[in-house]
Amino acid sequence: MEQRRARQRLRSDTEWWQMDVNRCGGNIDPLGRTTEVFESTMLQKNLCTLQKQRKELLQVNKEWDNQYHAMKNSLHHKLQEMQRKTIEHEDSQTEEIARLASLVHSCEAQKALLQEDLSEALKQNDKLQESSCQADKMRAQLHCEIARLNQVVAEILRVPLPRSEHDQLLLDRNTMARFDSMTAQNKQLKEQVGVCARVHAGRL
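Residue numbers 2 to 205, in the working numbering, belong to the letters of the sequence shown in order.
Any given hint could be a false lead.
[Stated by the list, open to error] Below 30 Å or equal to it, Euclidean Cα-Cα: the simulated BS3-like pairs (lysine-lysine) are: (1) K63 / K46; (2) K73 / K63; (3) K56 / K46.
No lab work stands behind these hints, which were simulated from the structure alone. Here the structure is a predicted model, which means the values were calculated and not measured.
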């Protein structure tokens, strides 16, 4: 394309030079040495122009190449940074998921232990309530027995006086024996009531 333009300019300059020669009387031969010098000058001029354009093109290519490499390096750096952040984020998520899973497992295990403790406590409470009911019944029975024995002792103490010394002696012996027996039973029953009360209080 440049050569074609150079030829056109050369042809135009040659035509102009021929017209100038004709005005001068036609003494100069356009095919002579002057034409060769002119063509050589035009070729050198065109060569310089092409070299300049070539340098400009090389400079543009160099700038584009530098921009391309700079952009490539920048994108590569950004890609590496994004990959690093992605890996860190994934690692963080993995650690968080593992921590939450461990926490859930620990909570489930603790919940199971608490349920076992609650079940055992309910069973123990049922046993204590049953024992308390039995102790209350036994205490009521012992109180009834103590009341009965107290009544018997009171009746014995209200026995009329004997008429003779022999009757008095027999009465004293029988009465004392029964009184001692009743007193021992009464004392034993009171001790049992006290033991039951202490056992019941300790269980509560």
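Hint-by-hint comparison with the structure:
1. K63 / K46: holds (25 Å)
2. K73 / K63: Holds, because 15 Å separates the two Cα atoms, which is no more than 30 Å.
3. K56 / K46: Holds, at roughly 15 Å.
Checked against the numbered hints above, the structure violates none of them.
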